[in-house]
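Read top to bottom, the protein sequences are chains C and V. Residue 305 in numbering that gives the first Met the number 0 sits at position 306 of the first sequence, and the numbers go up by one each step. Residue 457 in numbering that gives the first Met the number 0 sits at position 458 of the second sequence, and the numbers go up by one each step.
Calculated from the structure, these hints are not laboratory results. None of these values were measured; they are calculated from a predicted model. Where a beta carbon is used, it is the ideal one built from N, C-alpha and C, also for glycine. One thing to keep in mind: the hints can contain errors.
[Stated by the list, open to error] Only pairs whose alpha carbons sit at most 27 Å apart, straight line, appear in this in silico BS3-like list of lysine-lysine: (1) Lys213(V) / Lys5(C); (2) Lys209(V) / Lys195(C); (3) Lys86(V) / Lys30(V); (4) Lys195(V) / Lys36(V); (5) Lys5(C) / Lys284(C); (6) Lys200(C) / Lys59(C); (7) Lys209(V) / Lys5(C); (8) Lys195(C) / Lys5(C); (9) Lys59(C) / Lys283(C).
[Claimed, not checked] Far from chain V, by Cβ distances over 10 Å, these chain C residues were calculated: (10) Leu38; (11) Gly163; (12) Ile171; (13) Ser286; (14) Leu288; (15) Asn316; (16) Val330; (17) Arg340.
[Claimed, not checked] Derived CB-CB ranges, DEER-like: (18) Ser205(V) / Val208(C): 42 to 48 Å; (19) Val208(C) / Leu245(V): 32 to 38 Å; (20) Ile481(V) / Lys200(C): 26 to 32 Å; (21) Val426(V) / Val208(C): 34 to 40 Å; (22) Leu341(C) / Glu220(V): 49 to 55 Å; (23) Leu245(V) / Leu204(C): 31 to 37 Å; (24) Ser105(C) / Tyr421(V): 28 to 34 Å.
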Amino acid sequence: MGSRNKISSSQLFCLLLLSRGVLSVACGAFGGNIGSAALSAAIALIASILLSIPVLYLGKDGTAELQSGAGRAVSGIYAIYFFYSVCVTMSMFTVLREETSGMRISVILVPILMAAAAVYASYKGIEAIARCGALILFAVASAFVLLCLSLIPKSDMLNLPPVGSYKVADIIDNAVIMVGEQSCIPAILFIYPHIKGSVKKPTVLWLFVLFACVIFLSLFITSILGDYALSQPFPVYSWARLSSFGVLQRLDSIFLAVWTAGVFVRLTLLLWVLSVCIRYAFGKKPSKLAAPVFGVAALITAVAVPFNTAIRSLVLNPGLLLFATIFCCLVLPFALILKRRLGK
Amino acid sequence: MGFFDFILNKKQEQQSVQSRCEPLLYCELEKNLSYMKGRFGGSADFTVRQLILSDGTHSAVITMEGMSNKESIALSITNPIMEFDFKKYSENKINLIESRVLSASEIVRVIDFAQAFSLVMSGFTLFLADGCDIALAIGVQGFSFRSISESETDVVQRGSREGFSEPLRINMTLVRRRLKTPDLRFETMQIGTDVKTDIALCYLDSAVSKGILKELKRRLEAIPLKNVLAAGYLVPFLERQGDLSLFSGVGVTERPDTVCGKISEGRIAVLIDGTPSVLIVPYLFVENFQTLDDYSNRAYFASLTRLLKYIAFFVAVFTPGMYVAVAGYNPELFPQGILNKVAASVAQTPFSVFTEVLIIHFIYEIMREAGLRLPRPLGHAVSIVGALVLGETAVSSGLIGAPTLMVVAITAISSYVIPDLYPAVAVLRISFIIVGGVGGLYGITLLFCAVLVNMCAKKSFGVPYTSPLSPFSFFGMRDTVIRAGWRVLAKKQSLVQNQRGSEADNEEE
Chain C
0 MGSRNKISSS QLFCLLLLSR GVLSVACGAF GGNIGSAALS AAIALIASIL LSIPVLYLGK
60 DGTAELQSGA GRAVSGIYAI YFFYSVCVTM SMFTVLREET SGMRISVILV PILMAAAAVY
120 ASYKGIEAIA RCGALILFAV ASAFVLLCLS LIPKSDMLNL PPVGSYKVAD IIDNAVIMVG
180 EQSCIPAILF IYPHIKGSVK KPTVLWLFVL FACVIFLSLF ITSILGDYAL SQPFPVYSWA
240 RLSSFGVLQR LDSIFLAVWT AGVFVRLTLL LWVLSVCIRY AFGKKPSKLA APVFGVAALI
300 TAVAVPFNTA IRSLVLNPGL LLFATIFCCL VLPFALILKR RLGK
Chain V
0 MGFFDFILNK KQEQQSVQSR CEPLLYCELE KNLSYMKGRF GGSADFTVRQ LILSDGTHSA
60 VITMEGMSNK ESIALSITNP IMEFDFKKYS ENKINLIESR VLSASEIVRV IDFAQAFSLV
120 MSGFTLFLAD GCDIALAIGV QGFSFRSISE SETDVVQRGS REGFSEPLRI NMTLVRRRLK
180 TPDLRFETMQ IGTDVKTDIA LCYLDSAVSK GILKELKRRL EAIPLKNVLA AGYLVPFLER
240 QGDLSLFSGV GVTERPDTVC GKISEGRIAV LIDGTPSVLI VPYLFVENFQ TLDDYSNRAY
300 FASLTRLLKY IAFFVAVFTP GMYVAVAGYN PELFPQGILN KVAASVAQTP FSVFTEVLII
360 HFIYEIMREA GLRLPRPLGH AVSIVGALVL GETAVSSGLI GAPTLMVVAI TAISSYVIPD
420 LYPAVAVLRI SFIIVGGVGG LYGITLLFCA VLVNMCAKKS FGVPYTSPLS PFSFFGMRDT
480 VIRAGWRVLA KKQSLVQNQR GSEADNEEE
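Using the sequences and the accompanying hints, generate a full structural model.
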């Protein structure tokens, strides 16, 4: 696990954009509100840049710190965080699939297929994941362009609410969700040694492009759906259902297919990072089992989420996710910086 | 190492020791002859012609029946030797014969039995003289072989009609005739622990990556096969160990012009004695869509056909699976007119769409296999049975729906557009039908992702298999989905130069 490992800055950008972008599509799983998403995104952008500073400051030295002494315990904490992120992603996938698609497919079969594919892919190393991610990002971007083109005639500026009508609570709630979903920032710490070239530039570019896309999509969706968007658990999906292209009347299935591919890349990346954490914390042998073991555990959690409100409120909890993300983006990197200073 | 691996390795070790341990030639002719006769065990094609030279020395000419030209043996070996007056000279007989008697252009001095056996079985004639522990192998090969003809598997509209034949030397000539440069190198080796098969590595010294060449030689030398009867025997050993992929990083062609084009780009060709199939390494995914005709036609038309090939590949792999998934779980994706037809067909047939597609595909694969192996006249009969009996009757009797048959037909035709990828396409198609049937579009997406990761992880001698698509290279795109004009291609950079040549180099601790 983790062999064959060098990716370029542009591949890192694609990987981060895809891994984080797919979560924005399913923000409804947390009870997010798309109406005020544009303003929330601006706040989340600033917060995300601030959160990424310690990780970028640590850079490649962080890898050495994570593998020695107390750093191994920090790696263990990161492993728990990434396992939580895997559970969140799997659960979001299961929830969106169950609540929107309404297909006659077994509840458990698709998550099993997803977990199996992601575990297999995580064994192929970061290089393969990054290459695959770049190709899938191209497919996702093409699908979104197609959807946008097909929906432009339905867009109406009058559907956009006046800026002053947004509730501050909604804006903050959305910003909390957006920042909480930034598990890619701590992941950079573990991908860092495998990157050829600059890390800072693609990271900053990723954050700007990501939130620019979120702002554009939220405005575009609201301009089409209007107030109806506020009542939808998954407004992006509802927006995709309205699309049509020539004789093809419903393109939401295409949206679900490319979104599934994006979730697959995110899960694969997280499982790979998780196994790197285990390698740093416990050595090479346990890390080889990390992906299947945690993959199965996340699968069980995800399958239980749609049916058990207690598990759902624990896993899909924006407050808990925000706390964990801030802890992993700020507190742990600062601890590693302190460890490095004391070591010197 | 498992028990069976241990036994296998032990056996192979013994065999290779045995093959290496042929003794040196003896001074006595009788001992040499009896040893050789003993090794061949009275084989009918092993022929010995004993001669007495003018000075009374006993000698022998050894050939394998049918491998050497009898007329050449008589004119250039036995007659000159028998007519030469050896009494006038006192020097060593073998030196004398080599320098003053024989006029053949290819003479090899042989000192041991291993070399003697190898050369005799390659069509050389062996000359042994009593009192000499060196023999002469004279190149008078005269075995019959298939003449140079157009390849039936690599057909082009415009271009050379010559295809590779079976003898290695003929194939080497076909390449040399097209690349008249001293940069062109042939390196011969022998593969096989038991039966030695001659192979030749062919490359342009100025273009080849030294790392890839070194790695290729290392992998070829490590091949533990007893014998090599076809190019396909070597392919798994040229791939990375443990590489579980449906796609091959080793190309196969029967066209000398294709080989010349590839080695001009820095690739290495492996020519194998006894087969017209030549292996090319490294080989990338996009090369499966390139044919020689692309470069003979105008760029705009070549780009169109290239695009059609990519579309055909996706149609061949995904159409039946997508049809099953959409018909089973997302019928709303069908336009209304088609939806009505599919629904009517499903209502009239006893099987589900999933079962129907699976059955028809298996029947199609069986028919294809039967058509390939049968003589041509019988092949037509199979086509008639397939088209009329299975197709027409199955639909009219209501067993199979017409839309299903249509999907299978489109898929089958599309898969023949990229024949090099047929094995992968066939397996993937069945897999996508199954996941489409049980997992719908989700299943198809996830299998596609798994296959994509598998392809992205694959390297052919250190070169990413999916390049120049991912990792993306703008320059490489000039000959990928589109084919740029020759003015642009003339400046083409190679995708394989300066590669290290081994995936092992990239391994991390």
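Hints versus structure:
1. Lys213(V) / Lys5(C): Roughly 23 Å separates the two Cα atoms, so the pair holds.
2. Lys209(V) / Lys195(C): 24 Å, holds
3. Lys86(V) / Lys30(V): Holds, because 25 Å separates the two Cα atoms, which is no more than 27 Å.
4. Lys195(V) / Lys36(V): 19 Å, holds
5. Lys5(C) / Lys284(C): Holds: Lys5(C) and Lys284(C) sit about 22 Å apart, inside 27 Å.
6. Lys200(C) / Lys59(C): 15 Å, holds
7. Lys209(V) / Lys5(C): Roughly 22 Å separates the two Cα atoms, so the pair holds.
8. Lys195(C) / Lys5(C): 6 Å, holds
9. Lys59(C) / Lys283(C): Distance ~20 Å between Lys59(C) and Lys283(C) Cα, so the pair holds.
10. Leu38: 33 Å, holds
11. Gly163: Per Cβ check, Gly163(C) is outside 10 Å of chain V; nearest 40 Å; holds.
12. Ile171: The claim stands: Ile171(C) keeps its Cβ more than 10 Å from every Cβ of chain V (closest is about 34 Å).
13. Ser286: 12 Å, holds
14. Leu288: 18 Å, holds
15. Asn316: 26 Å, holds
16. Val330: 29 Å, holds
17. Arg340: 28 Å, holds
18. Ser205(V) / Val208(C): 42 to 48 Å: Holds, at about 43 Å.
19. Val208(C) / Leu245(V): 32 to 38 Å: Cβ of Val208(C) to Cβ of Leu245(V): about 35 Å, so the range 32 to 38 Å holds.
20. Ile481(V) / Lys200(C): 26 to 32 Å: 31 Å, holds
21. Val426(V) / Val208(C): 34 to 40 Å: For Val426(V) and Val208(C) the Cβ distance comes to about 38 Å; the hint holds.
22. Leu341(C) / Glu220(V): 49 to 55 Å: 54 Å, holds
23. Leu245(V) / Leu204(C): 31 to 37 Å: At roughly 36 Å between Cβ atoms, Leu204(C) and Leu245(V) fall inside 31 to 37 Å, so the hint holds.
24. Ser105(C) / Tyr421(V): 28 to 34 Å: Given about 33 Å between the Cβ atoms, the range holds.
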